[in-house]
Every structure is written in C-alpha cells, then in structure tokens.
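Visitor: If you read the protein sequences in the order shown, they are chains A, B, C and D. Numbered according to the numbering used here, the first sequence spans residues 1 to 366. Numbered according to the numbering used here, the second sequence spans residues 367 to 732. Numbered according to the numbering used here, the third sequence spans residues 733 to 1098. Numbered according to the numbering used here, the fourth sequence spans residues 1099 to 1464.
What the hints contain is simulated information worked out from the structure, not anything from laboratory work. Check the hints yourself; a few may be wrong.
[Claimed, not checked] To list a few chain D residues with every Cβ distance to chain A over 10 Å, as calculated: (1) 1152; (2) 1156; (3) 1196.
[Unchecked claim] Listed next, the stretches of chain B that the computed footprint assigns to chain A, with coverage defined by at least 3 CB atoms under 8 Å from CB atoms of chain A: (4) 412 to 419; (5) 478 to 488; (6) 510 to 517; (7) 598 to 604; (8) 618 to 631; (9) 668 to 678; (10) 691 to 702.
Just so we're clear, the structure is a prediction, and the values are computed from it rather than from any experiment. Backbone N, C-alpha and C fix where the C-beta goes; we use that ideal spot for every residue, glycine too.
Protein chains: 4
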Amino acid sequence: MLGVISVSSIWGDLIKISIFGESHGKAIGCVIDGLPSGISIDTKLINKDLLRRSAKSYELATPRKEADHFEIISGFFNNKTTGTPLCCMIENTDTRSKDYSPEILRPGHADYTAYVRYKGFQDYRGGGHFSGRITAPLVIAGSICKQVLHSIEPEIKFGSRIISIENINDKKTLNWKDYLKLDLSELKYPFINQELIPKVENRIKEVIKEGDSLGGIVECWITGIKAGIGNPFFDSVESELASLLFSIPAVKGVEFGSGFDLTRMKGSQANDSIRIDNGKIYTQTNNNGGINGGITNGMPIIFRVAIKPTPTIKKEQKTINYKLKENIIHQFRGRHDPCIILRVPVVIESISAIALLNLILKNING
Amino acid sequence: MLGVISVSSIWGDLIKISIFGESHGKAIGCVIDGLPSGISIDTKLINKDLLRRSAKSYELATPRKEADHFEIISGFFNNKTTGTPLCCMIENTDTRSKDYSPEILRPGHADYTAYVRYKGFQDYRGGGHFSGRITAPLVIAGSICKQVLHSIEPEIKFGSRIISIENINDKKTLNWKDYLKLDLSELKYPFINQELIPKVENRIKEVIKEGDSLGGIVECWITGIKAGIGNPFFDSVESELASLLFSIPAVKGVEFGSGFDLTRMKGSQANDSIRIDNGKIYTQTNNNGGINGGITNGMPIIFRVAIKPTPTIKKEQKTINYKLKENIIHQFRGRHDPCIILRVPVVIESISAIALLNLILKNING
Amino acid sequence: MLGVISVSSIWGDLIKISIFGESHGKAIGCVIDGLPSGISIDTKLINKDLLRRSAKSYELATPRKEADHFEIISGFFNNKTTGTPLCCMIENTDTRSKDYSPEILRPGHADYTAYVRYKGFQDYRGGGHFSGRITAPLVIAGSICKQVLHSIEPEIKFGSRIISIENINDKKTLNWKDYLKLDLSELKYPFINQELIPKVENRIKEVIKEGDSLGGIVECWITGIKAGIGNPFFDSVESELASLLFSIPAVKGVEFGSGFDLTRMKGSQANDSIRIDNGKIYTQTNNNGGINGGITNGMPIIFRVAIKPTPTIKKEQKTINYKLKENIIHQFRGRHDPCIILRVPVVIESISAIALLNLILKNING
Amino acid sequence: MLGVISVSSIWGDLIKISIFGESHGKAIGCVIDGLPSGISIDTKLINKDLLRRSAKSYELATPRKEADHFEIISGFFNNKTTGTPLCCMIENTDTRSKDYSPEILRPGHADYTAYVRYKGFQDYRGGGHFSGRITAPLVIAGSICKQVLHSIEPEIKFGSRIISIENINDKKTLNWKDYLKLDLSELKYPFINQELIPKVENRIKEVIKEGDSLGGIVECWITGIKAGIGNPFFDSVESELASLLFSIPAVKGVEFGSGFDLTRMKGSQANDSIRIDNGKIYTQTNNNGGINGGITNGMPIIFRVAIKPTPTIKKEQKTINYKLKENIIHQFRGRHDPCIILRVPVVIESISAIALLNLILKNING
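Chain A on its own, in the form it takes in the complex (with noise of 0.2 Å):
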C-alpha cells in the first residue's frame, strides 16, 4: 500500500543540509542546521560560486540559462548567522516541462530507477529531485560553509581542477607544494595548461553535432587544514567525503591521494616519509592524500573524482516505453549539457566543503 519511505537528501552530525526542490517545481533550496553563530556571510562570494556553477557562465552549456537568484529565509541577521537554521531559495524561472514524457525511459539516467522507487508518484519533469540542477543549493551551502571554515581557520584553501576531458588530459600528477598555492577558480577553463582550450572546445563543438556528451575527471584539494581532523572507521576523512561526492550526480569513481596507482606500489614506495623540520611535521610525498587512519596528517587533501558524460543525450537511443512493455528506438528532447564537467569542479568543492566543515565541528577541543 505504501510507496517505498526513506530519509535521502538531509546528511551531517554537527551540521544538517537538508535540499529540496525539483528541477521543474516553484523553487529549490536548502537548509543548513548547526551553523556557529556570529559568522559573516558575504553573499557576493555566494554569487560568485553560483557563476562558476552557472549555465550562463558557458555559451557551451545548456540552452536553459536559469537566473539562480538566491534569497535567505531565516538564520541571517545582521549579515550574521543567528545560530539557528539558515534557509537559503533559489526560484525556478526557465522550465520548459513539454519536453518530458514519463513513460520513455532515458538510458543511463534515473528515469526507470525513480519510477520503480517512487511506484510513479516522482516528479518526472527534468529528472524532477534528482536532477543536477538540485546541485545549486548545495553549491550555496558550500559556498557559506567555505565561510564558515574560513573564520574558524584562516588558512583552510579549496581549489579545484579539471584533469581531463574525455581523452583531452591535462597533468595528472602535481608536487603536493603546488597545491599550497594552485589557484585556478578564476579560469573559466580550468586546466593548468591553457593551450588545451581550443582542442576542448572544438571537441564539444563535434560532440554537440552529434547530439552525444562527454565526461571526464575532476581533481580537488584542501590546503591549511590542521592535523588531527577525522576519524578512525566509519566517520573517515575519506568516508565522510566519499559519501557526499557519490551523492552528486554523473559520479562514478572517487581516489584519494594515489588512489588506484597505489596498487601498484610497494609499501616502501607508497609511505610517505615523515620528517620534522624546525619543528613542523611532513612527509615527503603525498601518496595518502593527506589522510592515515581517516584522519588529516597536515598535508594538503587530494582527491580526484570520475563524472560519467551527461546522460541525456539527444542521439537516438535504444530504450523502452514502459508502459507499452516495449522496445523502442528513441531520440530525446530536453536542453542538456554536452559536457556538464565544465560545472562541476565548483560542485566538488562545495560539497567537500560541507564534509570538512562537520568533521571540523566534529573534532574542535574544549
């Protein structure tokens, strides 16, 4: 009798986000319990977050160009956080639902998966909750949650990169020193070698006439965090990270530090040796990303993570009515990214930003 039940889109301890909102519906937002109080928020720096996440910020983005102006609700006073819960809306404005069928199911999206889960009751129109667009709040609440971090520990720096498109690679492997000033938030493009933005875009270019998209893989780090952050087992560094990164849609993969290439090291190549240094304790390489035991050595955290090309796809497609139980062969409509990784990289920071913030919260010393 009752459709399937479950909490899926409030997460923290000491800080609670909880999003709402569907890609077609009034408005979404997010709401963000346990914030210090005291904390300046500028929303200047909220905005400019939002535009690096904006399809306006890419002519090779979505047609929809949603304005994303952001109104807080409670928990602001003074230009202040009281303490209480801060509620943050973002009104849909550029919604064109006629292009949305719920009973052709497109490949590689939730179409089939949200059918069965909500027995029919979902909001099908544009993915609905589990559109990408859900990704603006969180990209609000990172946004303050960087803020946040910022007046707890000054030096606490998120950056972000994009490694590669497709087979488009950027360098892979960095000293862990470049990351203490690496800064490429400004770029629109941001790879460390600039001359790759011809090739991108050209293949975005070959890509959008084929009506097909691309993927590719994102690189983030935190620089000026203290050791001493995390925990043993289920609340880890990379635990608590990984969780929220697989949340975001089109994520597939995440390693820390090495990662995959670890496997094949030897031990004595993968420890990172410990020195001290007038008294300041490091390692020599970086292969543990920053975290032993869960827990934050003092080194710049180093993740990368895998985001599969959008799935919507204006090439035809083989799928299946299901409501007709049949085989077909389809071509959708619906405005989508060609290469929603262009976007990404400040979703990444802001969710890992979320993450840090509570295990922060979690671990500060009476």
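With chain A's structure known, arrange chains B, C and D on it following the hints.
Guide: Frame of chain A, contents of chains B, C and D only:
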C-alpha cells in the same frame, strides 16, 4: 582541556553497527542493533567467513595467528535473532605488545594522526583501534547481515575477486552475465585465472625477503537485487557503500561500474541501453554498475576497491621520533602481512552486506 | 572564537522534520523528508488544523493576527506526495519589531538563555526562532503526518482537550472506552463540560486587564493504533512523544496514562488486567496509557501535558538590563496571548502525529 | 515475512550509548562512543554507583542478588579513556529461568507487547531485554559520564531523592538554594526527613506479605551548570532528558521545575524574576527548573519522575494464556522488587548524566 571528541565507530540508520576493541586489548567485538527478529543464523557460515579473513588460512600472511573464536553475548535465543541488540565478542589471544613504541611513527600508518587526534592517549599497541584486526567483528556483522538479506531476498548473492596484485593482473572486464554465476569464495586465491598463483606466491616471497609489502585491486559484485533500492543524493547506493568501504583501513579508491573508464566514453557509449524481454527489464551493458540516480536498477551491482600496500613493513624507513623531535632512519618490528589483499575480499563483501541490509530495510514496502 | 554550535531543529529517523524561520523574519516553514510517495494530501485539512491554532480564531488571543497562508514548494505533484522532500512555507505578514529590545530580558522567556547560547547574534525580535510562531509549520507537518497515518491505518484518530485552565477544571478522568468516540475538534473550547466557557472567558478577561496570563493542562489521545508499535528503551513510545512534546515552547510536564497518580497505587491496582474476548486482547483499565515496555498494547494512547502561563505579560516585572548590568522594573510591550492554551491542543496533536508516523514507519513489516 | 525492525538501544549524538543484553543471558553491557580521550576514570566510583542500584544493598529488595562485577573491555588504557569506543560488560550470575513461561502474560509488563513486537522471538526469560536489569550498564555509562562532566566542569553535581513512596511523602518543595548543598547519596533511604524510614519499611513489609508492590516519585537535580547549554525545539534540555528518562522501565511521568503546578499559577507568579548581583545573573525563584527556551539559565536543573509500582507481583491477577486464548487468574512466580523506587534514584542520576554530557559536548566553544 578536553581531548578531541567524536563518535567514530557506529554506523547505520535502520540497522546500527557498533564496533569496539583494540589490537592488543582484551577483546574486540560488535553490537548490531535493528536486526529483524526470528532470523535463523548459522554460526558455521560466520566461521567460514572469518576463516577467509584469517591469517591462519595463508602461510604467506602475518605470523600472528589469532584463534578468532567468537561468542554471541546477546540478542540470540534458540538460534534465532530476538530483534534486540546482538553483541558478539572475540578474545585476543596472540598479542606481542613489546614490539610497539609510541614514539617512533610508522610512515603510512595512523601513528601520527592518532597521536594528534587523541592527544597521546590512544592505545598505540599494534595500532590499537586503528588496527585491521577490528575488521574481524565487521566480518561477523557482515556475515550475519548476509544471512538476514538471504532470508529477506533469497536471490541476493555476494561475490568478490582479486583483480590485481601490484602489476600481476587478472581479467579486468567481464560481461555482466558472468557475475550471475561467478563464485570464487572457495578458492584460496580468488583469481579467475588460477595460473597466476605461482607468479603471485613468488612475488610475495620476494617482498617478504625485502621486508616490503604489496597492494592490489579487489572487485565485488552483488547479484539478485531488485530495482528500486536506494535513494537520490545523500543516501545513494554509491554513497552508503563508499562510506563503509572507505572505513576499511588501506582502502584509497572506489569506483562503480566502469568507474574511471566512463570518463573516456561518450554518453552514447556510457549509457546502458534499456531493453525489455518477456516483461523483464534489463540493460544491455552495465557501465553504471547496477545503479542509476543512486538507486538499483536490477542489474548486478559491481564496484572495485583500491587497496594500498600494508604500511607496516620491515624495511628501513625515514621517519621521526616525535618525542625527541628528530629525523631518524628506523627498522620497525611487529608482525605484519606482506600482502594483506589476500585477506581483504571477504571484508569488502561483509561491509557491503551491512550497507545493503541498511538500504533494503529503508526501502521495504508497507 | 566560534559561537556555540548545535543542530536543534531537525527531528526524526524514518521521517525527518526540519523547521526554520523566525517570528519577525521573511517566512517560516518546514521540510519533511521520508514521506512515502503517492499519498493524497488534502490542503483543506491542513488549513483546518492551522485555523485551530490561529489567533484569528480567538478574539481573546494575541492581537497579532497572521494570515497563515502556506505554500507547498516541493515534494508534491498532482496532489500527491512524490516521496522526495516536501517543503512548506508561510510568509510572515503582521510583524511589529519595534516593540523588542535585545537588552532588557523578559523573565520566564528565552531572552537570556538565547543571548548566552548564541553569543548575542540571535534574532531577538519577537523571540526569533524561539517564538511559538514556529509551531505553525509544526502544525502543517503534523497535519500531513496525520493524513499519511490515515492512509496507512485508517483507524488511527487523534483527539485533544483542555483539562484545566488555571484552577478551572474539566473532568479529569474518563473511561478508556470514552476516548474511542470523543471528538472535540470542532469546538472552540474543547471542554467536555461546555458550561465552563463563561467562567473561562471571564477569567481570561480578568487577566487581560491585569496584564497577566494563564496556563493549563491539555490531554491528548490516539486511538486505533495496533499493538506492537514502539521499542524498548531509547525509542520507546513515551520517549519519542516526550522528546517532541517538550520541544513545544511552554511545556513543562508530560505524563502517560495515570501518570503521577500511578505512584499512589499498589501494583495490583496499577496493573491493567489483560482480557481476551472473541480473540481480541484488551485491558480492563488503561492506567498505562496504551503503552507497556515502550510499545503500544492496542489500547488508546493517552497523555497529559502541562502548559505554563505565557511568559510574555504586560504587568510590571523585576528583571535586568544586561548591557547596563542593572536591576530594573520593567513593563514589556509586544503583543501576546493571555491564555495560549486555547491554541495549543492542535499543536500537541500535530507533534504527536509526527512522533507516531516516525514510530510506525520504523515498525512496518516487510 | 520479516519480524518488525527497529534500532532501539542506541542513543545520542556526540556521545552514543549502546546497551545490550538480556536478564537471563550470558552478560549485559554497554558501548560508549565519543568520549573525549585522556579522561581519568575511577572504577571505585562506578562501583559505588552500581552499589546504590544493587539489590544487595537492600534487604527489602528482590532476592535475586547479582554480583554486578563489571569489566572494561576496550577504550581504556593506563586508567584513562582513549577516545575510541569504551565497552563494559557484566556477567549474569544469579538467574533462575524456570520461573518464566512465554505464554502467560504478566499484566502491566511488556510480555504482550514484546510478543507482538518481536513476533514471539524475544527472550522472554525475566523480561529479556526489557528487564530493569539492563539499567545496570546504564549506571556504568552514567557514572563514567559524570566523571567526564566533572573533568570538563568541576562544579557540576548530580543529586536525587525520593519525594514519595505511595502516600508517604517527604518534603515536596525546597528553595533552589537548598539544592546547592543537598547530598543524600550516602543514605540508604534518600529522604530529607529520615524519620519516615520505619513507616516506609513497615509499609514495604506489608506489601511483601500481600504479594504486592509500591511506586513513588523521585526528584533529581543538577547544579553547577553554566547558562547557555541546550537548544530550542527538538534538542531542548527537557527533550533530551525526557527522552532518556522515559526509556527507564516504570517511568510514566516527568516534570521540570514546578511542572504541573505551573499550570495553576499566573504568568506573573510563574515567571522567575531575573536579578543581577555583583555581575552574576540569577533568578529569584526557579519555577522553570533551570531551563528557559530549552536552554540552561545557570540555575539548578530540577525535575521529578513518576515511577509506577513494579508490575511483577505475586498476588493473583486476571490475565490470559495467549496460546490457549483463554482468560485465567494466575499467580506469577519470579523474584521481584516490592518497592523498586529504592534502587531508582541512581539510575535517574546516571541517565541524566548521559543526557547532560551529550548536551554539553554539543555546545562546547571552539
């Protein structure tokens, strides 16, 4: 004044698993709360899983050979679960604490981070609560969860294999249909290609001589799961599995389906075409590893886990004596596994069973 | 450096309710996550419950008469729940912030404790997030939960009445069979003895003249609940209900069944004799209020809640100006309810419906 | 197919307490996760608290005299907390299971509800997991929490007393200043008026002869708590305390400060006037029991708990044999307490210490 604070060793929603104990303490164990009542548990199956993890099973494993006798303390009556908390304990019997010093930090290990995190009050002997030894109660818990899952859904099966050890590679890619019947659980070396064994054994013997260690990649699959289990965003199947997988010591990477390889595909290749056959819906390929939008689609769930080489090695390493604040070169004692990956597959299966039971209980229909 | 930190406004396990907003902010609202999909929600019933709570319904209530128009922002599609987060909002329309000073502390109110807790950054206008106004979204959430409960178990009914206002007492004790048909929800004054009304109205008018306020006792009952809902210890029916009841501003006592009167009985009187009649099990008395060992026994759940008199009064009071650190005698402005208990019964019912839905979802059979 | 499912025996946020065991099982125990590291724990103080709860201390208590020897299994190293999970166990030694039948339901007890809830698979011997015996690990956990609280805030003290047993009443109302020095923990009968003792002992002997039992009211106070601990709404001090207090078997009512008596006062009487004296803020009266808006105000926290008479009595009672589905009159065997309230005060204190530590850890400043 306070040492840092945080719950780290309890996980779950509808079932909660609590693990406790230290490598060289009196006993290690787990409490499982939220089990349905009236489920028959066969302790022989638990012992079989414990044996797959046990150093007793591998002459090339650590010389510390623990008996791993477990006792069910509560929540079990007339060979069935009562529904109230089930507590299990294993006494530690083969400890040799004199090998451990709290002052010389093992590179790649949690010695330094645990020291900072717990302000020097951690039980440092054998890694204390950070030890891989604590995965024994996880295997017990997972083995019980497998049996509970089996009584809910008799079709569900867990499998695992070693894909690679250092640069020795077994077959990487299989057709999804192969997983439906693949069972390597009786094999000492769970390779598809058993002819790799002499090569592997020779390589392990070599690194033992060098006082070094090896890592590798484990693949795990779960078949017989219905579509519709899981959730969008924070409680996605990937999020729940990854949060547990990354809590296993030595795990540094996780990918689902084609994982990082998906980033090299176009959308039209990555999308799994949906087909219907006699009313049964399936996909032609399984690049998404059985999960779309965080929810199962009825195909086998497949993921791969990167295991770094055991950090405890006998070879000379550069490290520090933190009390003397001096750089040293040190040769550590303490028994260890030269190739822990041999004992890991059942741990991966077990922790996945915990994640899956939690997910399935969340999505049961009324 | 940090203001104190803690999540305070999210509750639940299988459903999670998040409330947000301040008395004089833009809007107040709630997010309900974990609702089953496909449940029809009748917004007229929500409005009916909101009206029972509204100051508009009582000329003797506060002169602040809020419109209480609510809007469903998400999680609702084609008049049914989608199963993803349902967000509701009410705009604040009738605020008068100039009456409030952050520096003169209202006795009996949260002014001082909020000031210490949030280090002076709280929104002090009208009590901010501490205001009874935030119970409006709780009524919305509870009204939705009632409807969900009704579709799971059509027999379940909620009732409430005022047992006493100051020293004006309605009938204290009823036979448990009386509750099966008792429904006072259409009455403006939910007394069994309606002849008390003139006495009550006169008493309220008296305290209005004095600039004072009154409290009282509310009784709530839930009928039609099957035996077997709830849990021993921490998730007992009493624990879950009490944790929510005590979160309502002004609640200072809760008792189940015969409550404090049970302490005057002997075991042989307090124990409810168990009987069977045509296969139906029931108890002769209901001193335990429908709950044994934290679990429902199929009898009506009955509890009483002590509501203290509204702390905001107009009468002169001894208090301090905390900035000047001086003792003063002060007459507060700000509109208030002389007898808030009139508006409380539906709040008690609503929050109980939230608790009960959470409990029932936890105990649904597979 | 499934027995009903739910976690019931884990509580907390920043510390989590898990309790396990059955009255007649091998052992009972608890796991405490989230303790700060480096806290000295004096096991003599734990034993002292266990003794206050022990039937050994009262000749008029149950003839079942358990040794209550406990052992710390983990999380404790060099007499200090390590910060990782602390597990404690007590073996059961004095069980007599033959007295119990699963088929004849004890009125007032959880026999029927546990049977329905766990579908007949519960351990029915001595009440199984529902037994008051499980409060022994709660006392251990609470005693540890008291010591941790003491090292965070040396001023914090817990006290408790019996206010009434059946109709024998000790002084009900005290001035709040009296609580600052009141300590009855060394008294066998924690009455202020020790002359009540012969009256009480005679009354208990009478009900023993009758095969009956008595209940009463316990008052508990916590002094030395700073203002600003706690939260509005769902994590209010009252909510957290009440949720734990109602998890103690036999508790049926809880009131804070003047509790139900507040409902008879006017606002001007109920409001505690705020005063400042040499910079110290306090209230003249303490009707609110040290809590406003869910947050401590620095005054003593005071609450009263209604304990129903032990349901297990020897007197003939009307009940059913559920298997035969017949009404019977039955005389139960099984040892029991004629006046459990004698052993309850330390349990109330202990569970309050758990609640308070959780609250304080949530509100520590960074």
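Visitor: Of the hints stated earlier, which fail here?
Guide: Numbers 4, 6 - these are the hints that the structure violates, sorted from lowest upward.
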